[in-house]
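Protein chains in written order, with full-length UniProt numbering: chain W, 1 to 247; chain P, 1 to 550.
Chain W is nowhere near these chain P residues, computed Cβ spacing over 12 angstroms in every case:
#1 C36
#2 Y147
#3 L187
#4 L193
#5 F261
#6 M265
#7 T267
#8 K276
#9 F352
#10 M405
#11 I428
#12 I436
#13 F529
In silico EDC-like links for lysine to aspartate or glutamate, alpha-carbon gap of 16 angstroms or less:
#14 W:K12 <-> W:E57
#15 W:K140 <-> W:E84
#16 W:K12 <-> P:D549
#17 P:K402 <-> W:E73
#18 P:K387 <-> W:E84
#19 W:K69 <-> W:D56
#20 P:K547 <-> W:D56
#21 W:K90 <-> P:D315
#22 P:K387 <-> P:D468
#23 W:K90 <-> P:D93
#24 W:K69 <-> P:E546
#25 P:K547 <-> W:E57
#26 P:K244 <-> P:E141
#27 P:K94 <-> W:E133
#28 W:K198 <-> W:E30
#29 P:K387 <-> W:E133
#30 W:K10 <-> P:D549
#31 W:K90 <-> P:D468
No lab work stands behind these hints: they were computed from the structure. Fair warning: this is a prediction, and the values are worked out from it, not measured in the lab. Glycine is no exception: its CB is placed at the ideal position from the N, C-alpha and C atoms.
Listed here are the chains, written in short residue letters.
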Amino acid sequence: MKTLVIKNLKKKFGTTWAVRNLNLELEPGEIFVLLGPNGAGKTTTLKLIAGLLHPDEGDVVINGIDTRKNPLEAKSRIGYIPDEPFIYSKLTGREFINFVAGIYNVKHDDYEKKMAELFKRFGVGAWIDGFSEGYSHGMKQKVVMCQLLLHDPQLILIDEPLVGLDPKSSKTVRETFIELKNQGKTLFICTHTLSFAKDIASKIGIINVGEMKFIGNLDELSKISGKRDIEEIYLKLSEESVNETIP
Amino acid sequence: MRDFFLIFTSRINIILKSITTMNAVRIASFIFVIGCFLAGSYYIFFRLFNYLIAVEIIGIALMDRVIEMGFFVFFIMLLFSNIITSFSTFYNDKELYFLFALPVRPTSIYLSKLFENCLYASWATMVIAIPLVVAYGVTTEAGFLFYPLSILSLFIYLIIPAALASVLIFVILRLLPQLKTRDVILLAFGFILGLTFLYIKLNNPTILKVFETESEQELLRFAANLTTVGGGYVPSTWLSNILKGLSVNSSQGIFYFLLLFFVSMSTAIFAFFMAKALYAQSWLLIGEHSSNLSKRKSLLTSFRSGSTKTLLFKDILLFIREPTQWVQLSIFVILLVVYIFSLRRTPIYFTFPLWRTIVSFANFAYICFVLATLGVRFIFPTISLEKSGIWIIGSSPLSFRKIIMIKYFFYVLMAIIIIEGLLIFSNIFIKTDQRIYMLMPLIAFFVAASLVSINLGFGGRFPQFDVDNPSKIAAGSGGIIAALMSIAYVGISILILATPAYHYLATTYLHRPSNYPLIYLSFIGFFVFNIFTIVVPLRIGIKALEKRDF
Ligand SMILES: Nc1ncnc2c1ncn2[C@@H]1O[C@H](COP(=O)(O)OP(=O)(O)O)[C@@H](O)[C@H]1O
Ligand SMILES: [Mg+2]
Chain W
1 MKTLVIKNLK KKFGTTWAVR NLNLELEPGE IFVLLGPNGA GKTTTLKLIA
51 GLLHPDEGDV VINGIDTRKN PLEAKSRIGY IPDEPFIYSK LTGREFINFV
101 AGIYNVKHDD YEKKMAELFK RFGVGAWIDG FSEGYSHGMK QKVVMCQLLL
151 HDPQLILIDE PLVGLDPKSS KTVRETFIEL KNQGKTLFIC THTLSFAKDI
201 ASKIGIINVG EMKFIGNLDE LSKISGKRDI EEIYLKLSEE SVNETIP
Chain P
1 MRDFFLIFTS RINIILKSIT TMNAVRIASF IFVIGCFLAG SYYIFFRLFN
51 YLIAVEIIGI ALMDRVIEMG FFVFFIMLLF SNIITSFSTF YNDKELYFLF
101 ALPVRPTSIY LSKLFENCLY ASWATMVIAI PLVVAYGVTT EAGFLFYPLS
151 ILSLFIYLII PAALASVLIF VILRLLPQLK TRDVILLAFG FILGLTFLYI
201 KLNNPTILKV FETESEQELL RFAANLTTVG GGYVPSTWLS NILKGLSVNS
251 SQGIFYFLLL FFVSMSTAIF AFFMAKALYA QSWLLIGEHS SNLSKRKSLL
301 TSFRSGSTKT LLFKDILLFI REPTQWVQLS IFVILLVVYI FSLRRTPIYF
351 TFPLWRTIVS FANFAYICFV LATLGVRFIF PTISLEKSGI WIIGSSPLSF
401 RKIIMIKYFF YVLMAIIIIE GLLIFSNIFI KTDQRIYMLM PLIAFFVAAS
451 LVSINLGFGG RFPQFDVDNP SKIAAGSGGI IAALMSIAYV GISILILATP
501 AYHYLATTYL HRPSNYPLIY LSFIGFFVFN IFTIVVPLRI GIKALEKRDF
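Generate the whole structure from the sequences, applying the supplied hints.
Here it is, written out as structure tokens:
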């Protein structure tokens, strides 16, 4: 069964379309990387899938569950990390992780062991027991990564995962994504970091002004655009679309 | 000074923008509520003063005493609210990181923050103080100049508690920089409470004794014994002397006006120099402490399964870790306990059972209004306060219906504990009639269930996810709509219940024939009305949150 099926998804803010006619299908074990300039509609797309925004038209189906008909059931299959992962400033990182596990109804069995493993992997230090108001962006990223992996979703949605991470942590994150993919999870990642897409993506999408300009793997991408380097491909595709929109 | 005006005008612009972007319904309901409040307080003061002035011989003296007491209470209230808000405006506001990074003097930041703080802390008091002054002017038939001058004096008066509160906070933080936010606010309160207690002990305000006097002889003696509150050294006395002087066109009014002006300016200048010496330095120190990471144990340090428990524990933790929340609740509770104990004397003043029953109805209405206030202040903001976690809640398999219902049952439980506790103790002190004593807690149960529903529902319908401070959320336009609805609910309930209450009194004490069908009908009406006020607001809130884009 497909993990994610998006059909004709549309979202309008006021009079401007943030997402227009989006179609996408993702299988288990795929890493989909969505590229696009600022304001292209990446965050909007993720929030539509996560159920934080309501689409104007179209359907999102997760593991065969229609998000309109059965939103809670669908939400229990996904894990979402926003670009600015706010945490209640008067909770510690550990309390926040326990809070999320609680609302996702995580099972008790090997919870503590799993948490200790994750802390070790992401280099979580003693700061996890301090109030999150004193955390750096990277620390918050680590907390929300741990939270996400603890409730173990089938579809993982992450907005700009590398912002604020040091080189070592970003390598860990990359390895974790590959590992998740090998476990059969589906990842949907938005980013500006092109090298990241090149390294881990099994499918790449390029979006601009709310429209998907391209979906395919790296080889198909270079065939279409006639370029080899992903940076050149990206610049060419997003430039075209900007030109198109100026009448 | 130039940078002060820059910050100042940018702040005014923000306020203006937030007003102009409100929709017409909100502006209209806002004006309506404030208008009702102004008119209502004016009417009450006008009636009170008219009554007092008609009392022979001592009328005027009594009225002046009431005014003096009023201004003194305002002074204490202003100090309290300035202290509560000043810690968050001067130290805990995210905007400060931006302001302190600008090439502006810390004193300019101080002045603009002082203005903001004074505005937030004082507006509610002014809504009562201005009608009081106007009613005084009308009752004493003062000249036209009375109104602008005395209202100007009120504004000058506001500066003193605002400046004092900021100095108090600066000094405490300077002397004890290790203190946590919570301790700073507690210390400040201890200080103010101590002063108030001393003041009351030393002055022994005998004004209440007037109810116990019977003969004219005694009244005369009483009037002669009335002393000036605070012996002329507190600003509240000057303010009441300004009113007194201005109303009869005596030069005394101008003298006290100048005195108040002089003292107010001196306080402000003193606070300015204290801020110059202490503010920037203490702000930096506080910043260092907040990043200090220490191991703590709490309700959530180990994993709990079950979303209901987790959500409640999270709410409780955030509440007890936010001093502006629980300190304000504690003050409310302390004031209420004082109120309840002051009822102990009711059976002494009112020996006739009919009067005691009437007092118990008034007490019931008062407690309902208190619960409405608590609801707007503490329950209305609870949805807005989810702001930093709304992404996790919105994308989790926890429905908004469930979140609202969990919060609903929790707050209803709290509200019932508060309202039933207040009712039972106050009725014991009043020595209320047995049957009413049994019935009131039952009615209070519905009042709690409805008021929580109204505040939670409208909190979900009009959330403000961009505001940190719960007092500011409650004072926003959505909070004012919730306040309006709560007050309307209490008003309508009391109107419905007035019928059976009247018939009960008439039957029991005046031996009129009883009208049972009407009494039962009223209770059924109350019940139906409450089903509506419990179900509908909750539904509105849930639907609004489900439809909302985050
Ligand atoms: N809540 C909102 N209200 C109005 N416009 C929005 C909102 N969120 C996003 N937009 C607009 O939708 C477009 C897409 O934004 P977004 O999805 O955040 O882009 P990206 O994440 O690719 O940078 C932008 O033009 C943005 O201004
Ligand atoms: Mg984005």
